[in-house]
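K.L.:
Below are the chains, spelled out letter by letter.
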Amino acid sequence: MGANVQKKKIDVKRIDKIIKSYDKSEESLLAILQDFQRAFQYVPEEGMRRLARYMDVPESKIYAMGTFYKALSLKPRGKHTCKVCMGTACHLKGAGQILETIERELKVKRNSTTEDGLFTVESVNCVGACAMAPVVVVDEDYSGHVRQSKVMDILDKYK
Amino acid sequence: MEKITITIDGKQVEAIKDQPVLMVARENGIDIPALCHHPELESSGGSCRVCLVEAVQGGRSRIVTSCNYPVRGGLEINTATEQVMKIRKGVLELLLCRVPDSEVIRDLAAKYGVEEPRFFKDEGENNRNKCIACSLCTSVCEEVVGVSAISMQNRGVEKAPGTPYHKDSSACIGCGACAYACPTGAIPMKDEKGVRKIWGKKFKMITCSVCGKPYIPAAQVDWIVKTTGKDRAFFDKCPDHR
Amino acid sequence: MKAITSFEQLEGYREKVKAAQKKDLPTVLICFGTGCQANGAVAVAEAFKEEIDKKGLKVDVNIGFKTTGCHGYCENGPLVVLRPKDVLYLKVKPKDVPEIVEKSLVGSEIIEKLVYRDVNTKETIAQYHEIPFYKYQKRIALRNIGSVDPRSIDDYLLCDGYKGLAKALTMSPEDIISEVEKSGLRGRGGGGFPAGTKWRSCRAVDSDVRYVMCNGDEGDPGAFMDRSIMEGDPHSVIEGMIIGGYAVGAKQGYIYVRDEYPLAVKNLQAAIVDARSMGFLGKGILGSNFDFDIKISRGGGAFVCGESSALMRSLEGKVGEPRAKYIRSVEKGLYDKPSVLNNVETWNNIPVIILNGADWYASFGTKGSKGTKVFSLVGKVNNTGLVEVPMGISVRELVEKIGGGVLNGKKFKAVQTGGPSGGCIPDSKADLPVDFDSLTAAGSMMGSGGIIVMDENTCMVDVAKYFIGFLVEESCGKCTPCRDGLPRMHKLLADITEGRGKDGDIETLTELCDVLTYAALCGLGNSAANPVLSTIRYFREEYEAHIRDHKCPAGVCKSLITYSIDAEACTGCTLCSKKCPQACITGERKKAHVIDTSKCIKCGVCKDVCNFDAVRVE
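Residue numbers (the working numbering), protein chains in the order written: chain B, 1 to 159; chain H, 1 to 242; chain X, 1 to 618.
No lab work stands behind these hints: they were computed from the structure. These figures come from a predicted structure and were not determined experimentally. Just so you know, not all the hints are guaranteed correct.
Calculated Cβ distances over 12 Å to all of chain B for the following chain X residues [said to hold, decoys possible]:
#1 Ile63
#2 Asn120
#3 Ser228
#4 Glu260
#5 Ser288
#6 Arg323
#7 Gly368
#8 Thr384
#9 Arg500
#10 Glu541
#11 Leu575
In the PhoX-like style, the derived pairs of lysine-lysine whose C-alpha atoms are separated by at most 20 Å in a straight line are [claimed, not checked]:
#12 Lys295/X x Lys150/B
#13 Lys107/B x Lys295/X
#14 Lys295/X x Lys283/X
Over 10 Å on every C-beta distance to chain B, these chain H residues come out as not near it, computed from the model [stated by the list, open to error]:
#15 Pro39
#16 Glu54
#17 Glu76
#18 Asn78
#19 Lys111
#20 Glu142
#21 Arg155
#22 Ala171
#23 Tyr180
#24 Glu192
#25 Ile206
#26 Asp231
Ideal Cβ placement from N, Cα and C applies to all residues, glycine included.
Required output: the full structure, derived from the provided sequences and hints.
P.N.:
The following block contains the structure:
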């Protein structure tokens with residue numbers, strides 16, 4: 001699945017800080033996993049195991065969550081995440097072709113990471129900006145009315 | 001424990017309020033095929049969709065899964081209407097596409113006239129290895145054994161049971177309850193030369209002091225002793241020679 | 001902020017805030033919804049601050065400055081509203097700001113080039129409420145959005161915020177439930193279940209603990225109503241839930257927000273903190289003996305978590321798998337306790353229903369569908385965005401009067417409503433009223449309010465394939481029909497769109513649809529057939545063209561179309577040949593170009609860059 005993005009050594013103190021910042025309740029599990037995702041660009045194994053121990057929840061259950069929720073990834077993502085919205089309005093306005101253009105130009109398949117580890121390209125289901133379809137989100141930056149012939153200009157800014 | 005009367009296939013039967021239709025039917029000699037339900041596992045059922053029946057209540061008719069539909073007074077159940085049979089056949093056809101190698105599914109599907117499915121099969125790198133993702137294995141591991149060594153991972157067609165990271169699990173005690181619970185025999189477990197291999201982990205087995213046969217993983221004994229306080233010596237002999 | 005502990009104190013504080021407002025202060029309100037932010041609203045806001053400062057003026061003393069939630073007219077953002085004149089400027093850029101401050105805030109001139117211009121009549125309209133997009137709307141749910149700064153509780157109080165709660169606390173829970181029942185409010189998330197009935201059932205279950213929840217998992221692709229409410233008027237949802245908690249007897253509420261809405265989470269969190277400080281949440285609310293608080297729970301990127309039982313499992317910290325609903329969640333819901341789950345828009349309507357009365361609310365809408373509904377009108381329509389109208393308006397009116405008609409003068413083909421659980425309404429049915437029961441009778445459903453407008457270049461088979469493909473990705477995998485049936489449905493549809501369809505495929509598809517409808521475990525699976533069945537119902541000939549003639553009449557399905565260049569329209573500008581990834585377009589400068597169809601991959605780049613509309617797709 002794309003490049004072998006280097007797994008950095010995980011700062012355990014940071015993991016524990018995130019865990020302790022929430023109520024000690026299973027209701028906090030998903031939010032903690034998402035904070036891991038934001039902090040490390042993926043959910044590290046140490047994070048999952050420490051969380052299980054702290055919450056007294058079986059590791060298998062937390063691992064299951066990691067594989068179920070698409071917001072979480074068990075493998076490190078690229079430096080930048082490029083999400084192409086595949087909502088209905090975006091689909092009608094050419095999102096499919098935009099995604100194909102990105103795949104072609106970056107030489108990467110959807111939902112995987114480029115060889116150089118710079119971009120993880122994903123298709124996502126509706127980001128709720130439908131009036132500006134088609135929409136591409138790079139990291140936290142939204143671009144609307146994206147044209148197939150101009151999408152690489154947007155990505156070039158992150159290179 | 002309120003006693004009520006319901007009708008199944010035209011027959012009036014006695015039942016206890018909120019009992020699942022499937023259990024009431026079986027108690028009265030009416031067979032409804034079911035794969036993913038086990039009466040001792042509260043969290044089981046509702047997955048395979050094979051046990052469908054027609055339920056008529058309060059003038060309203062709907063197709064429901066009998067394994068978890070609670071009986072109430074005045075309920076009328078029809079287990080083999082034309083529609084029920086057609087839908088059940090459709091479900092079995094899909095199961096057969098998913099696990100064409102499963103004898104259990106092949107036999108059941110054949111009973112409903114499905115020999116060769118019309119749709120693509122999960123083969124090659126998509127081989128599901130007889131697993132119908134019914135969650136009986138994970139349910140028994142959690143509810144009965146209490147270790148939750150495995151869980152259902154992923155979603156959609158990739159949903160399958162496994163240990164975290166598919167590495168050998170420190171929680172697994174090698175009891176094999178999952179393999180026994182599996183309706184299609186999809187969980188490989190091998191006992192050879194006093195060692196059990198399951199979920200990628202090897203378990204040394206304890207041999208019976210009478211017949212010398214290895215019969216239970218040491219890790220399983222450890223777990224039982226830990227959680228029940230039973231005397232370890234109890235396990236020196238296998239069940240046949242206690 | 002000091003906590004308010006009585007109704008009198010609340011009204012006293014509200015009067016104080018009102019009195020502190022500078023009457024008729026020229027104010028600029030900048031839309032800070034996700035859409036406008038994506039279009040550069042942040043830079044525009046900074047430019048305003050800078051310019052006001054440059055002119056030696058003080059914000060809120062000489063010129064009012066506010067950032068607000070989404071006006072819904074996202075395509076024309078960044079949107080800027082000027083009060084008190086109520087002028088709307090569209091597509092504002094930072095470079096326009098000095099002129100706006102000088103001419104329209106300090107002065108009182110209108111800058112013509114920034115106002116709305118009707119695409120058909122060319123008429124310009126400066127007044128916000130005169131613009132057709134807004135003129136025909138009746139904004140109840142969206143009442144405050146665009147006027148309040150979502151991060152200011154004082155702003156909310158200025159708009160009669162928490163007045164509904166104060167009134168509710170003087171009523172009995174039973175009376176509140178009756179009022180909600182009388183209003184006819186039906187769930188706005190798609191189910192259309194009468195809210196009052198749900199509350200009554202929950203309260204009737206004997207239990208010490210009950211829960212109320214808000215479903216903010218708006219997953220229907222094409223819908224963003226709930227996003228704009230959560231981002232732009234978070235207090236309206238909070239106030240609704242406090243009233244609901246009081247009515248059903250719950251002490252704890254949860255708002256489940258999908259992961260893809262970070263601004264909504266932020267604004268809701270800030271609003272909860274403020275509400276707590278002022279005593280609207282916590283112990284002894286407004287001096288009563290009612291305790292209530294709200295927690296926010298974030299989704300993790302799973303459409304299925306919009307399904308009520310899956311949402312509750314996800315809230316509990318588990319995987320979002322639905323379960324059988326033979327025992328309803330009003331009896332056994334979150335943690336197996338009696339629970340009420342309602343949609344964002346449903347909760348948002350509650351404060352005004354209590355404040356203005358059930359009869360007022362029921363005066364809008366139709367017999368079976370009372371009140372108004374927020375729709376997201378998107379797709380091939382001129383005015384895309386959020387519109388709120390009384391139930392009962394026809395599809396055609398929505399698309400033409402408010403939407404301004406189909407984009408680029410193309411022919412209207414259908415609207416899709418209800419997302420992946422809904423169906424299409426073709427031209428022949430476009431005079432149907434938009435309400436719960438009419439849409440269901442026509443083979444679709446209201447759903448959460450997404451209305452996707454489709455034109456003659458939309459392939460209905462492709463639309464069906466799109467929705468099934470979406471569901472394949474989102475299926476939780478628990479039950480056979482959805483997990484194993486949807487991919488096979490998708491393969492059938494893909495075969496049809498790629499020229500491998502066979503006679504009998506439509507019948508096989510319909511059979512598979514039946515298995516899903518009757519055998520699937522949850523709403524995702526048993527409504528999955530709707531987009532397929534409704535497109536077959538109204539556009540069967542399109543399916544047949546794909547299967548029998550290997551043609552895509554709409555010009556969409558790649559395997560069945562050919563790209564060519566109209567030699568008469570082509571000016572030989574060479575732009576397409578430069579951009580073609582296959583280098584299969586040849587031609588000399590200023591001479592008509594030609595596509596080598598044997599190499600063409602139909603990516604569409606040539607059509608996208610051509611400024612002369614010379615690329616033909618057949």
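K.L.:
Each hint: holds or not?
P.N.:
We went through each hint and held it up to the structure:
1. The beta carbon of Ile63/X is kept farther than 12 Å from every beta carbon of chain B, the shortest such distance being approximately 29 Å.
2. Against chain B, the non-interface label of Asn120/X holds: every CB pair exceeds 12 Å, the least being about 19 Å.
3. Listed as outside the interface, Ser228/X is inconsistent with that label: its C-beta sits roughly 8 Å from the nearest C-beta of chain B, within the 12 Å cut-off.
4. Here Glu260/X does not stay apart from chain B, with its beta-carbon only about 5 Å from theirs, under the 12 Å limit.
5. Taking the minimum C-beta to C-beta distance to chain B, about 26 Å, the non-interface status of Ser288/X holds against the 12 Å cut.
6. Every CB of chain B lies more than 12 Å from the CB of Arg323/X, the least distance being 15 Å, so the non-interface label holds.
7. No Cβ of chain B approaches the Cβ of Gly368/X within 12 Å, the least distance being about 27 Å, so the stated non-interface status holds.
8. Against the 12 Å criterion, Thr384/X falls within the reach of chain B, whose nearest CB is about 4 Å from its own CB.
9. Every CB of chain B is more than 12 Å from the CB of Arg500/X (nearest about 19 Å), matching its label as outside the interface.
10. With a least beta-carbon separation of about 21 Å from chain B, Glu541/X lies farther than 12 Å from that chain, consistent with its non-interface assignment.
11. A Cβ of chain B approaches the Cβ of Leu575/X within 12 Å, the least distance being about 9 Å, so the stated non-interface status is violated.
12. Distance restraint check for Lys295/X and Lys150/B: the Cα-Cα separation of roughly 42 Å exceeds the 20 Å cut-off, and the hinted pair is therefore not satisfied.
13. The straight-line distance between the Cα atoms of Lys107/B and Lys295/X is roughly 43 Å, outside the 20 Å bound, and the hint therefore fails.
14. Taken as a hint, the Lys295/X and Lys283/X pair is honoured in the structure, with Cα atoms around 15 Å apart against an allowance of 20 Å.
15. The beta carbon of Pro39/H is kept farther than 10 Å from every beta carbon of chain B, the shortest such distance being approximately 24 Å.
16. At the 10 Å boundary, the C-beta of Glu54/H stays outside the reach of chain B, the nearest C-beta of that chain being 33 Å off.
17. Non-interface call for Glu76/H relative to chain B: holds, since the shortest CB-CB distance, roughly 38 Å, exceeds 10 Å.
18. With a closest Cβ-Cβ approach of about 36 Å to chain B, Asn78/H is found to remain outside the 10 Å limit, as its non-interface label requires.
19. Separation of Lys111/H from chain B is adequate, the least Cβ-Cβ distance of about 34 Å exceeding the 10 Å criterion.
20. Interface exclusion of Glu142/H from chain B breaks down, the closest Cβ pair being 8 Å apart, not more than 10 Å.
21. Separation of Arg155/H from chain B is inadequate, the least Cβ-Cβ distance of about 5 Å not exceeding the 10 Å criterion.
22. Under the 10 Å C-beta cut-off, the non-interface status given to Ala171/H relative to chain B is violated; the minimum distance is some 6 Å.
23. Non-interface call for Tyr180/H relative to chain B: holds, since the shortest CB-CB distance, roughly 19 Å, exceeds 10 Å.
24. The claim that Glu192/H lies off the interface holds: its Cβ sits roughly 26 Å from the closest Cβ of chain B, which is beyond the 10 Å cut-off.
25. No Cβ of chain B approaches the Cβ of Ile206/H within 10 Å, the least distance being about 25 Å, so the stated non-interface status holds.
26. Chain B leaves Asp231/H outside its interface by the beta-carbon criterion, the shortest separation being 28 Å against a cut-off of 10 Å.
Hint violations for this structure: numbers 3, 4, 8, 11, 12, 13, 20, 21, 22, all remaining hints satisfied.
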